[in-house]
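**Q** Now for the letters of each chain:
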Amino acid sequence: MRLFDVTLHNLRRRMGRKLLLVLGLTIGVATVVALIAITTTMQADVANKLDAYGANILIVPKANDLSLSYGGVTVASAAYDVGELTVVDLERIQTIKNARNISVVAPKLLGALPVDGRTVLVAGVRFDDELRLKQWWNMDGQEPDNPDEAMVGVRLARVLQLHPGDTVQLGDASFVVAGILAENGSQDDDILFIDLSAAQRVMNKPDSVSLVEVAALCNECPVEDMVAQIAGVLPQARVTALRQAVTLRMETVGQLSRFALAVSTVVVAIGTLVVLTTMLGAVAERRQEIGLLRALGFRQRHIMHIILAESAILSFAGGMLGWLVGMGAAVVLAPRLASVATSVTWNTWLTFGAVGGAVVVGLLGSLYPAVNAARLDPMTALRSI
Amino acid sequence: MIALQNVTKTYNGQSVPVHALRDVNLDVAEGEFVAVMGPSGSGKSTLLTVLGAMNPPTHGSVVIDGIEVYSLASEEQADFRHEYVGFVFQQLQLLPYLTAQENVLLALAISKLPTAHRIARAREALYRVGLGGKENRLPYQLSGGEQGRVAVARAIVNRPPLLLADEPTGNLDQVTGNQILDLLSELNRAGQTVLMVTHEARAAGHASRTVNILDGHIVS
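Each protein sequence line maps, in turn, to chains Y and U. For the first sequence, my numbering gives the first residue as 1, with consecutive numbering after it. For the second sequence, my numbering gives the first residue as 1, with consecutive numbering after it.
A couple of the hints might just be wrong.
To be verified - Partial list, computed: chain Y residues near chain U (C-beta under 8 Å):
hint : residue
1    : 9
2    : 289
3    : 295
What the hints assert, rightly or not - Here chain Y is said to cover these stretches of chain U; the calculated rule only asks that three of the stretch's residues, wherever they fall, bring their Cβ under 8 Å from a Cβ of chain Y:
hint : stretch
4    : 48-61
5    : 70-81
6    : 97-103
7    : 106-116
None of these hints come from the bench; they were simulated from the model. Yeah, the Cβ is synthetic: ideal placement off N, Cα and C, and Gly gets one too.
Using the sequences and the hints, build the whole thing.
**A** This is the structure in structure tokens:
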């Protein structure tokens, strides 16, 4: 029999009290784990959803000094032929350090072209990227899926009396109207959208791009860092963070984190109190036994070792159970409570954090009872005589 | 072996101080079996705890095996109890959830001996007290006398120079009590110094010397 055997023997006794402690810790850890897992999932989900609200980084040629308003943002030159970006620049954007945080890169080539005797603002876009970026777009007709298909803003369609299936002639190229963009109050209502490559041919600007909108997920990196990184690979461009969107995103994520932290702090405090009261009770029950050990020559640290080891084992069990229950609860509850579409992630750090945290809480809660036990007078064993 | 000089122990009672020991002087030679006799409340149990490095005297010195016990730091006193003193408590204080062997091994749990040596020592101690073959029995599976023997085995397993027994027959019937007293005598004959507190003349008869204590004074 060694000290640890004394602990193991004690663990097998008075199971009710021990189960209560494990249950208390399990509930505490499960609550914290479920909260963290759900809020982490919500953060990811919110980040994904916020990306659906549009770009948060804008890239325009540096040399432009005449403005063209687009979507409420000043972009590119009114002459449309000054210092344009190229498709090679799009590839460079994907080489930055935080490239994996880039969700969408949506380039545009803008030009004013005659259509039926009227000058129309034409935007060459990559429809896949553009539609991902502007998920609020509604359409009468279909999304364009061929280079010879076009999408027309609702006001422009009215002026030109265009309907899905009609043909639009741009120079010697013709485009079938796949869909009419529903009114959204932006300048999109006045634009004729065609495929980027087609626009480059029609405008005779091969490989040119007027501006690039970028949607970046910035859970793990400040958007300013990404702006600096893009500016680094595109020295000829002016890269701007749309701070309103970024700030909103970061604030939302921050509020969720603070909520989880506050609740976790309360739960940890309650868990510590549960351990404290349970272990104080356990020590009180074992006063005579601890007195006997002291009478047999056990040092104070030996007594502390026995109490703390017992608590650590129970806390470890509570941590493991709590982690399992918490993750299970998160998987079941996240879609129902938080209405998130993103799956709950099984993080290793959360496992270690939950179990390690439970053991730390267990040890903290047991420290005072252990010190109390260690200081028991060995005479206690003899007082029962 | 034991030298008590002018030992006084005063407890702070609720209204008046209680003088448990008054100017006690006592010498016990190595290998002696001394019985301390006295009525209830005479101070004999206090004397035992003072000798057991568990109850510092108010005044006086306690020297055991050349060591001034209460000049040791608190944790050193624990070490002293572990190395120098074996206790047989009146209530025996066996842990009900441990087998006889485990109860004996408890006294070696903080020892640096290898596990095999500890088990060998525990078995040897149980054999010495006549419990060979009953190592794996829980206390409730043993008779009162056998439980007393386990308590004695636990007290001697660490081979302490001094064995202190507090009313070891107090809760036992006469036959069982005699078995324990015979065991203590046998250990004493093998060289073990024994100091036993009792209020029974029959028990004191097993000792080589009897010290009578009354109202905290050694009277004879």
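**Q** When the structure is checked against the list of hints, which entries are broken? Sort them ascending.
**A** No numbers; nothing is violated.
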